[in-house]
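Please arrange chains B, C and D with the ligands on chain A, whose structure you already have, making use of the hints.
Chains as they are written, first to last, in the numbering used here: chain A, 8 to 350; chain B, 8 to 350; chain C, 7 to 336; chain D, 7 to 336.
Treat each hint with caution, since some may be false.
Straight line, CA to CA, 30 angstroms or less: simulated DSS-like cross-link-like pairs of lysine-lysine [stated by the list, open to error]:
hint, chain 1, residue 1, chain 2, residue 2
1, B, K188, A, K278
2, A, K160, D, K120
3, A, K159, D, K55
4, D, K55, B, K278
5, D, K332, D, K264
6, A, K57, A, K226
7, A, K226, B, K103
8, A, K160, A, K217
9, A, K160, D, K55
10, D, K264, A, K188
11, C, K213, C, K233
12, A, K188, B, K278
13, B, K321, B, K57
14, A, K217, B, K226
15, C, K55, B, K226
16, D, K120, A, K103
17, B, K188, A, K217
18, A, K291, A, K51
19, C, K55, B, K159
20, A, K159, D, K120
21, B, K160, C, K55
22, A, K226, B, K226
23, C, K213, B, K159
24, A, K51, A, K217
25, A, K226, B, K188
26, B, K217, A, K217
27, B, K160, A, K188
28, B, K160, C, K120
29, C, K233, B, K188
30, A, K51, A, K321
31, B, K188, C, K120
32, D, K55, A, K226
33, B, K226, A, K188
34, A, K288, A, K51
35, A, K278, C, K55
36, A, K288, A, K278
37, A, K188, D, K332
38, C, K55, B, K103
Note that these hints are calculated values from the structure, not bench results.
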Amino acid sequence: MAKAATTEHNVPSREALQGLDRATLLRLMHIMLLIRRFEEPCDKYYRAGKMGGYIHYYIGQEAVATGIIPLFQPGDLMITHYRDHGYALALGTDPKRVMAELFGRATGVAGGKGGSMHLVDVERGFLGGYGIVGGTIPLGVGAAFALKYQGKKNICASIFGDGSMQQGVVHESMNMAGLYKVPCLFVLENNGYAMGTAVARHSAQTDFVKRVTAGYNIKGESVDGMDVLAVRAATNRILAQMRETGEPYFLEARTYRYAGHGYADNAQQQKFYRTEAEIDKWRKRDPIEHFREQLLAAGVTTEAELNAMDEECKAIVADAIEFADTSPFPSPDSLYEHVYTDM
Amino acid sequence: MAKAATTEHNVPSREALQGLDRATLLRLMHIMLLIRRFEEPCDKYYRAGKMGGYIHYYIGQEAVATGIIPLFQPGDLMITHYRDHGYALALGTDPKRVMAELFGRATGVAGGKGGSMHLVDVERGFLGGYGIVGGTIPLGVGAAFALKYQGKKNICASIFGDGSMQQGVVHESMNMAGLYKVPCLFVLENNGYAMGTAVARHSAQTDFVKRVTAGYNIKGESVDGMDVLAVRAATNRILAQMRETGEPYFLEARTYRYAGHGYADNAQQQKFYRTEAEIDKWRKRDPIEHFREQLLAAGVTTEAELNAMDEECKAIVADAIEFADTSPFPSPDSLYEHVYTDM
Amino acid sequence: MATMRYAEALRLAMTEEMERDPNVFLCGEEVAQYQGTFRVTEGMADRFKDENHGLRVLDTPISEAGIAGLVTGAAMAGLRPIAEFMTWSFAILALDQIVNHAAKILYMTNGQIKVPVVFRGPAGTGNQLSAQHSQSLEAWYAHVPGLKVVLPSTPADAKGLLKTAIRDDNPVIFMEHAGLYSQRGEVPEDPNFTVPFGVAAVRREGKDVSLISYSHAVGVCLSAAEKLWQEAGLSCEVIDLRTLLPLDMDTVLRSVQKTHRAVVVQEEWKNVGFVSELASRIYEGAFDDLDAPIERVGGPFVPMPYSKPLERAAIPGEEDVISAVKRAVA
Amino acid sequence: MATMRYAEALRLAMTEEMERDPNVFLCGEEVAQYQGTFRVTEGMADRFKDENHGLRVLDTPISEAGIAGLVTGAAMAGLRPIAEFMTWSFAILALDQIVNHAAKILYMTNGQIKVPVVFRGPAGTGNQLSAQHSQSLEAWYAHVPGLKVVLPSTPADAKGLLKTAIRDDNPVIFMEHAGLYSQRGEVPEDPNFTVPFGVAAVRREGKDVSLISYSHAVGVCLSAAEKLWQEAGLSCEVIDLRTLLPLDMDTVLRSVQKTHRAVVVQEEWKNVGFVSELASRIYEGAFDDLDAPIERVGGPFVPMPYSKPLERAAIPGEEDVISAVKRAVA
Ligand SMILES: Cc1ncc(C[n+]2csc(CCOP(=O)(O)OP(=O)(O)O)c2C)c(N)n1
Ligand SMILES: Cc1ncc(C[n+]2csc(CCOP(=O)(O)OP(=O)(O)O)c2C)c(N)n1
Ligand SMILES: [Mg+2]
Ligand SMILES: [Mg+2]
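Chain A extracted, bound-state conformation (with noise of 0.2 angstroms):
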């Protein structure tokens, strides 16, 4: 995928669905609907107690990981918040292993230690997806840090939400990024509440563009995140100026998440923060219809190869699932391995 990527990357993105090739199109559709029909049917397995903890569903935001991910260079890196399946996925991590991982098994992405909020993919750069809100901020800046230490050309994507905003951390560390001019491209997922408090119950400032760019002197734009190609576009004219300066950039885009947080925030608990008529209203902006009906209008693709695409991705999930069912739960040795490299 990465190596596509660098293709893709001189692509002219002038015209209609900005001249990108079929391929591309296709694959950034199929994309998005692996993460949706992967996460589809957690809650059937979450109440079967196959999983457990919490569990925090990316569906409606897809395209905001899929107009980004895509875009990486073999080097790059990223770093998550727990809400980390579709970042995941995009990448490229197997779905078994991912599924796995939600089950708690032994062939999980971390062996079953991890669990949802804590996918991994250090083969593809993805340091990790934390619990700690804001607290995956300074890592980020972190290993921006060691890019330009070491002299690369490559950045960090660095993905968080609009709550983390509100952590002093994240604060200090977009200081310490604007003060080194490290290349930490800090995606803000604002999708509009942290749990049940959305954004102007949270901050004094919802205009977080205003608040980093004034605040620490870096860059930064505002993308509709419900438009895969919107994002990608950014994304695209925003890596080339990193990777030409090294500098930081702060992207938000402004996206809605259709479940609850996350398992226990049931529908009717988010009947005290949210309307079943704003959900709707999102809705009709769904990103996989909206770049359904784009590609049909263009021509691009017909009905019924996104329908088998769609069959294609249920397949993948069902085999994902049978994989992590029939896996082996870690052996019992392995609590105490990996506390430490050397005891």
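The following block gives chains B, C and D with the ligands in isolation, referenced to the frame of chain A:
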């Protein structure tokens, strides 16, 4: 003092010297002189082992505390960082008890338990000086929160340095102040350096007013911290507005410390980060000298009167040292007192 | 007396104290409009919404350090705040405010400024929350002068100890256990009912071995004690410390002087954990009464893993207590 | 061998390791242009200024959590950072990054991402720095799986242990003691000289009582031992643990099995302190060898006061150790 302040409050500050009456003008001069004379002999007693720990001088910054504090009204609160001598003295705290605290004596404002960094004067609304950079900002917001909660028309002044602008908790607190709209007057004493680090070397954004107003929707402005009347005029206007709206405000006072960061930051050490020339440049704008000239030019007072005032301040300090040096040390039992209110 | 859940008992304690004292207020993440992440604060926002500019039950941003500092400052200015941490694992972010400010200000000001604040919320392990969300770290807080550390194990204590905490003039670390929220029990309705700090409870009388514990682990000890009685005829005395700071050593030593054997049990990492302090004090206070070394039971020295079987192995259970008791009497 | 100060030995260790491995870098407040608050890093910025875009010795803003996170992230991406805290009291602000991230990431990623980072700086009491600036809190760090905890007491150990820390692939808590910076001692110049973790040092042989300690308190124990020998003919064995995690219990138990009496000494608050863990382990490992309860010596349970006489009373000294030894042999 607070009483008097309420009356001055009504004096129109139009004409030269803002139409302040003679008594007020002379009191401002008296406060600045007292602060300076109070600190000048400290090095000698520190060297003699009468004082210990960290001691941070206010010399050079006198106009800031002097321009703000006399405008307090009964019930107003204040909390500061460790560079707190000037604030206690401007507030009218007995110089004897302040000096005794620096000497670690039982008669000190904190019974000798605090020292230079941790002065306090509950009676006058001074909630204390504390040593963790940025650590007092949430406390000040909390105190202002209490004022709003109790329906009072008072304000809480929170004093801190430029270095604390990079502390995460300051970001969190300012966001909450902007969100809850509490009457906290944030006073940033920008003396150009955080210890040996110039502002441009610790902050990606050197325009702090821009960072705060854009980041937290808090009104703010910058004032010449070497000009006591300028500080007073700004504060007067700001406090009137705050007592009206109950909202937070950010005031940056641009000032300079003549002495090292602390006792250990001697002339030799200072060469690592600043020049004699720079210090001299600022000394030419000395707040006391400048104000002295203003007063004489306006014929408000005479050389003789000011010299007498200076002598009086020196005498007050001499008495304070005498008092401190002859005061008893805390009793051994006091080591175990006040760990808890009840055990 | 009324039967209610541990979570309801906490809510009742807060509501009663807020009705009793207008200076008591509650803030935290999701405590108001969302009715509390674990529903502990359900209905409280409505109950107090028109008072003090709507500040009595207040939602906060995700700013643990800022929250802890705000309530500490509010307490310094005369209020009596209750701050809820969504979990104690997140309180690590607020430690400077709790330990370097709230806990020390009374002392630093020579008794002139008190900080009557309660920091509360769920702590502990379980539910596969994995490494970053499964901590309580009570050993850290009990190490700090100026703090009081409370961990209720029953609904009645949840109410009685929380009321005492809210009325206390010192900063109180009040750790609830998520695994106990739905536990039901008899709770006195009398608004004057409180449970004092520093008084341990003997939950089960016994003569062979003293099992000393707190919070969720008390229940583990009780079921282990029952099993040991049924299956081995061993009579265990189970002591619930209730508060680690202050600590009621009298009750503990009295029990050990009777049984001559002690097993100390906690859920968290045993290494440099509270049980180590407890064991040391028992040795110092009853050295000659002990017929065997004290058995310390605590979590294995590993971050909490996600996978269910691994997590189960990482949380001290009935079997761990039973084998410790058997070693103690061997 | 060369005679040098503890602070110089630390500088030498860092300089040698930075010359040896280009991935090692140093950052912290005032470490570069200002030459270090305690002059530990003097000259290092100049020495490495032209390398890696001038990032090898880097001044930071006053952002402890951000610093700890930055170095942790840099370590995850392949570097081997050294972060200096101006004092460990300020590291409280960085605990979430250290404890919930650096310490757990290897485990959470099932061994796929290592975090080779050293957190170092001065800790401890003295010089009337009062309540907020006089802490070390090593007991907190030693409670956390994933961390290693090191506290050198001599210039040679300062160099040898710091080099081992920098070469270690795990996060290391390296606590220096400001009171030792100017202490002189013999230090091997050999760049291959290192001191392994988990190997305690017997600083003085003895047969009557084992004095077990670490960091600055080791010197206190040695002078107490000398006095006890001169004045009471008591022969004390003094053990320097050097590292609390890993902990060398073999050396400790061997000594106690010989002397049958132990006094454990630390500078910080005794309550739930490291000496409590140490005492518990000695009881468990040598219960039948002990002729008397172990004496724990540690700081009184109070925040550090400013006033000189009060501060002196709040720091465990020679007299405290001497009376503890006398109680142990009584
Ligand atoms: C420091 C911290 N505080 C609280 C939590 C509990 N928590 C988990 S997710 C969350 C909301 C975060 O919202 P946002 O940052 O907008 O990300 P989103 O879930 O919307 O993607 C909260 C409060 C946490 N994990 N970490
Ligand atoms: C959290 C924290 N980190 C570091 C220190 C050490 N320190 C004390 S004062 C200071 C510089 C602060 O500068 P500034 O905020 O500008 O205030 P100023 O001293 O200039 O008045 C530093 C780094 C501290 N006290 N607290
Ligand atoms: Mg969100
Ligand atoms: Mg400054």
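>> Tell me the hint numbers this structure goes against, listed in increasing order.
In response: 6, 7, 10, 23, 24, 27, 29, 37 and 38
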